[in-house]
Amino acid sequence: MPGQAAELVFDEATKRYEGRDGAAVERLSLTVAAGEICVLVGPSGGGKTTALRLVNRLIELTSGDIRIDGTSVREQNLVQLRRGIGYVIQQVGLFPHMTIEANIGTVPRLYGRPRSWIHTRSQELLDLVGLDQSYATRYPAQLSGGERQRVGLARALAGNPPLMLMDEPFGAIDPIVRARLQDEFLRLQKEVRKTVVFVTHDIDEAIKIGDRIAILRTGGHLAQFDTPRAILEKPADDFVAAFVGRDRALKALALHTLAELELGPPADGPRIPRTSTVRDALALAIEKHAQVLAVTDGDAVVGSVTRDALLS
Amino acid sequence: MIVAGGPVIPNFGTGSSCEVNNGWFCTDWVRQHWGDTLQPALFQHIELAAIAIGIGFVIAFALALVGFRFRLVDPPIGIVSDFLYTIPSLALFQILVPFTGISLLTVEIALVSYTLLILYRNMIEGLRAVPEEVVDAARGSGFTRAQTFRRVELPLALPAILTGLRVATVSTISIATIAPFVIAKGLGQPIYAALSQDIFKTEIFTAGGMVIALALVADGLLVLLQRSLTPWVRA
Chain A
24 MPGQAAELVF DEATKRYEGR DGAAVERLSL TVAAGEICVL VGPSGGGKTT
74 ALRLVNRLIE LTSGDIRIDG TSVREQNLVQ LRRGIGYVIQ QVGLFPHMTI
124 EANIGTVPRL YGRPRSWIHT RSQELLDLVG LDQSYATRYP AQLSGGERQR
174 VGLARALAGN PPLMLMDEPF GAIDPIVRAR LQDEFLRLQK EVRKTVVFVT
224 HDIDEAIKIG DRIAILRTGG HLAQFDTPRA ILEKPADDFV AAFVGRDRAL
274 KALALHTLAE LELGPPADGP RIPRTSTVRD ALALAIEKHA QVLAVTDGDA
324 VVGSVTRDAL LS
Chain B
348 MIVAGGPVIP NFGTGSSCEV NNGWFCTDWV RQHWGDTLQP ALFQHIELAA
398 IAIGIGFVIA FALALVGFRF RLVDPPIGIV SDFLYTIPSL ALFQILVPFT
448 GISLLTVEIA LVSYTLLILY RNMIEGLRAV PEEVVDAARG SGFTRAQTFR
498 RVELPLALPA ILTGLRVATV STISIATIAP FVIAKGLGQP IYAALSQDIF
548 KTEIFTAGGM VIALALVADG LLVLLQRSLT PWVRA
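Protein chains in written order, with this note's numbering: chain A, 24 to 335; chain B, 348 to 582.
No lab work stands behind these hints, which were simulated from the structure alone. Hints should not be assumed to be uniformly reliable.
[Unchecked claim] So the derived list for chain A, only partly shown, Cβ under 10 angstroms to chain B, looks like this: (1) Leu101; (2) Gln103; (3) Arg105; (4) Gly109; (5) Leu117; (6) Ala164; (7) Asn183; (8) Leu188; (9) Pro288; (10) Gly292; (11) Leu305.
Built from N, CA and C at the ideal position, the CB exists for glycine as well.
Could you build all of it, start to finish, from the sequences and the hints given here?
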């Protein structure tokens, strides 16, 4: 079975549909370094999902190439290629007639792994995605939407693929659970270090999740490919600036945590953990009409931060 | 010779007063004729229906494979099976006898043609109802087309297929009672015998009741099969 993270290269990747004007994806070139999360974001019609599906050839390239660790996807056996790529979609697509364990064991079973191996692996993966091991014998219909997507993630990870494709994986989940799943996904990614292509239409999610963000505009043109910070601070053009939103300066605050700031001496004020983002701290200061916040680490107050310091 | 005040029952003329008076249900008649009339008719009836359902299922499944894979041929298959379903069975016998004779084959061709519509339609609908995202996930996970069909589409269509099988089974058991228009087999046989004897009520009720009971039992067994094959449906 496949192992570590792979480098993914889009090289002038193009998809045109017969009888339709313009391309769905137009000469897309970008490199996703091994172990990085690349978020494809943009308005609908921007070709994000098409670009993603070109990788595992659920859609075939018209021209150009896509290479995984140097090997063109065109040269690989279709079925082998897909088994080596984790695939997560918005509607999850769990197999309703299989237990959770059988769902997670989908790819290992295709590789001919024995039942006992699959059992052990699925228990491991349930742990990893934060579900109780007793879920193994249930059916998808017995799970909530958030739980199903966790299983979807576990299924995609089961073959230990070097590359994961995730198409709006948290798009159908309510905002509170979505935020938690995003956090857990980032924690999990620290552990598994996969190369991930992640599609979303939500710029806030892109900023939170991505090591790099590729903004696609209508017709599948790459408008900008850069780190979240660079995109917020130096949008390449008006389209990117408009897509990111007029509050991009505020969004940029979400990229920094209090731990990165120089704190003042401990002081009285509304308490906030030092792992919080600057944006959350500012929101708290405004809400409590406070000029100074007490920054905590665990139960202890370790310093303070003023509203002005947050804004600078 | 006609006995005044009572129906003529040539075969069973020596029977009890219940029989002689053509009572609503004569248990002694049933007991007496279970072995020579009713039980053989029941077994023949099961055979008639089982052959028709078995062959009908195989043909419908083959057609469904083609109709599901190649959407263009689905409408013509549907129209033909629709058409077969609408032919009155007695007319169908008339049409078939010159070709297939007074034979079991004639009866089975008719019975099979009535199962096709129900079985085919349910198979196709069941296969089509498999959620798109589930098929997408299967293909994306590296299932071949054949694996996608065998491991995902077919099992998920099973509830609909088995529902079709239940309806086809019950209706075939019922329709099989007209077999005696061609050959002397099945529970239709005692019913016709009773009709030809100035309507001998006990025989009609018993044989008719057995048809109903057989249909209910078969349906019940299929429900059990459905439950054991599709445990996720009630999950």
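Hints, verified against the model:
1. Leu101: Given a least distance of 8 angstroms, the restraint on Leu101 of chain A holds.
2. Gln103: For Gln103 of chain A, the interface hint holds, since the closest Cβ of chain B sits about 7 angstroms away, which is under 10 angstroms.
3. Arg105: holds, 4 angstroms
4. Gly109: Since chain B brings a Cβ to about 9 angstroms from Gly109 of chain A, closer than 10 angstroms, the hint holds.
5. Leu117: holds, 7 angstroms
6. Ala164: Holds - the Cβ of Ala164 of chain A comes within 10 angstroms of chain B, reaching about 5 angstroms at its closest.
7. Asn183: violated, 14 angstroms
8. Leu188: Since the shortest Cβ distance to chain B is 8 angstroms, the answer is holds.
9. Pro288: Violated. Min distance 55 angstroms.
10. Gly292: Gly292 of chain A check fails; min Cβ-Cβ to chain B is 49 angstroms, beyond 10 angstroms.
11. Leu305: It is violated, given that the least Cβ distance between Leu305 of chain A and chain B is near 40 angstroms, above 10 angstroms.
Of the numbered hints stated above, those contradicted by the structure are hints 7, 9, 10, 11, listed in ascending order.
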